[in-house]
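**Q** Take a look at the letters that make up each chain.
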Amino acid sequence: GQQVMQIPQYQHVQEGEDFTTYCNSSTTLSNIQWYKQRPGGHPVFLIQLVKSGEVKKQKRLTFQFGEAKKNSSLHITATQTTDVGTYFCAGRTGGGADGLTFGKGTHLIIQP
Amino acid sequence: DAGITQSPRHKVTETGTPVTLRCHQTENHRYMYWYRQDPGHGLRLIHYSYGVKDTDKGEVSDGYSVSRSKTEDFLLTLESATSSQTSVYFCAISEIGGGAETQYFGPGTRLLVL
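Sequence order for the protein chains is A and B. In this text, residue positions in the first sequence follow this note's numbering: the first is 1, and each later residue adds one. In this text, residue positions in the second sequence follow this note's numbering: the first is 1, and each later residue adds one.
Calculated directly from the structure, the hints in this document are not laboratory data. Hints are supplied without guarantee of correctness; some may be wrong.
Said to hold, decoys possible - Straight-line distance between alpha carbons at most 30 Å, and here's what the computed DSS-like set of lysine-lysine pairs gives:
#: 1; chain 1: A; residue 1: Lys36; chain 2: B; residue 2: Lys11
#: 2; chain 1: A; residue 1: Lys36; chain 2: A; residue 2: Lys104
#: 3; chain 1: A; residue 1: Lys70; chain 2: B; residue 2: Lys53
#: 4; chain 1: B; residue 1: Lys70; chain 2: B; residue 2: Lys53
#: 5; chain 1: A; residue 1: Lys51; chain 2: B; residue 2: Lys70
#: 6; chain 1: B; residue 1: Lys57; chain 2: A; residue 2: Lys104
#: 7; chain 1: B; residue 1: Lys11; chain 2: A; residue 2: Lys104
Stated by the list, open to error - Examples of chain A residues toward chain B, derived with CB under 8 Å:
#: 8; residue: Tyr10
#: 9; residue: Val13
#: 10; residue: Gly16
#: 11; residue: Asn31
#: 12; residue: Lys59
#: 13; residue: Asp98
For each residue, glycine too, the CB sits at the ideal point set by N, CA and C.
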């Protein structure tokens with residue numbers, strides 16, 4: 001079945017440093033979504049990427065979808081303590097709504 | 001978040017007992033999902049529903065059943081709970097429109113099976 005690999009599992013950064021998490025799928029994706037989960041909370045939708053090579057920005061966050069639609073990345077510029085949490089990518093292969101395949105997430109730990 | 005509630009929020013039960021978790025949504029969404037979240041595994045799909053009485057299995061459906069008799073309610077049942085089903089369970093809905101999809105998650109249910 002479809003697998004979505006996400007690295008790194010943990011990332012420690014000093015506040016103000018940049019952070020990147022990477023996602024790779026074993027199959028071509030129709031779209032990829034990114035979620036953030038704060039400790040003790042539930043996943044919260046950040047963005048969806050659909051087009052090959054797509055790049056989207058949300059303030060300090062930059063999301064990319066690879067040309068082959070099999071990989072994606074999330075980059076945070078100048079991290080802040082509010083960025084703490086786990087970032088998940090989630091991929092979909094078909095055109096339906098039969099559930100997402102999630103990566104295992106990257107835990108972002110920020111040291112002030 | 002999209003009017004999703006889950007009940008109970010916490011539950012402790014014993015091995016072999018049946019357990020039912022409820023997901024309730026107020027916005028008439030067609031698609032509903034049950035995921036479990038475990039350390040080192042991320043979120044894994046258990047079952048999903050694409051309409052009343054229309055359900056299908058996900059990646060980790062063994063030991064679980066679901067029912068959806070009304071649009072607003074999606075029930076997850078552990079017929080005979082085992083310790084391996086100790087987990088955090090999240091319900092989610094998909095909001096689809098204009099080619100875009102967003103999944104909204106409920107607050108989660110923490111289940112401990114002793």
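**Q** Taking the hints in turn, state whether each one holds.
**A** Status of the hints after comparison with the structure:
1. Restraint check for Lys36/A and Lys11/B: satisfied, since their Cα atoms lie roughly 25 Å apart, inside the 30 Å limit.
2. Under the criterion of a C-alpha separation no larger than 30 Å, the hint pairing Lys36/A with Lys104/A is consistent with the structure, at around 12 Å.
3. Between Lys70/A and Lys53/B, the direct Cα distance comes to roughly 34 Å. Violation of the 30 Å bound is thereby established for this hinted pair.
4. Taking the CA atoms of Lys70/B and Lys53/B, the gap is near 8 Å; set against the 30 Å cutoff, the hint holds.
5. For the suggested pair Lys51/A and Lys70/B, the alpha carbons sit about 35 Å apart, so the restraint of at most 30 Å is broken.
6. Our distance criterion of 30 Å between C-alpha atoms is met by Lys57/B and Lys104/A, whose separation comes to about 20 Å.
7. Under the criterion of a C-alpha separation no larger than 30 Å, the hint pairing Lys11/B with Lys104/A is consistent with the structure, at around 25 Å.
8. Because the closest C-beta pair between Tyr10/A and chain B is about 11 Å apart, greater than 8 Å, the hint is violated.
9. For the restraint placing Val13/A at the interface with chain B, the shortest Cβ-Cβ distance is roughly 21 Å, beyond the 8 Å limit, so the hint is violated.
10. Hint status for Gly16/A: violated, given a least beta-carbon distance of 28 Å to chain B, over 8 Å.
11. Annotation: interface hint on Asn31/A holds; nearest CB of chain B at approximately 7 Å, less than 8 Å.
12. Hint status for Lys59/A relative to chain B: violated, with the closest Cβ pair at about 18 Å, above 8 Å.
13. Among the interface hints, the one on Asp98/A holds; its C-beta lies about 6 Å from the nearest C-beta in chain B, closer than the 8 Å criterion.
Going down the numbered hints, you'll see the structure goes against 3, 5, 8, 9, 10 and 12, while the others check out.
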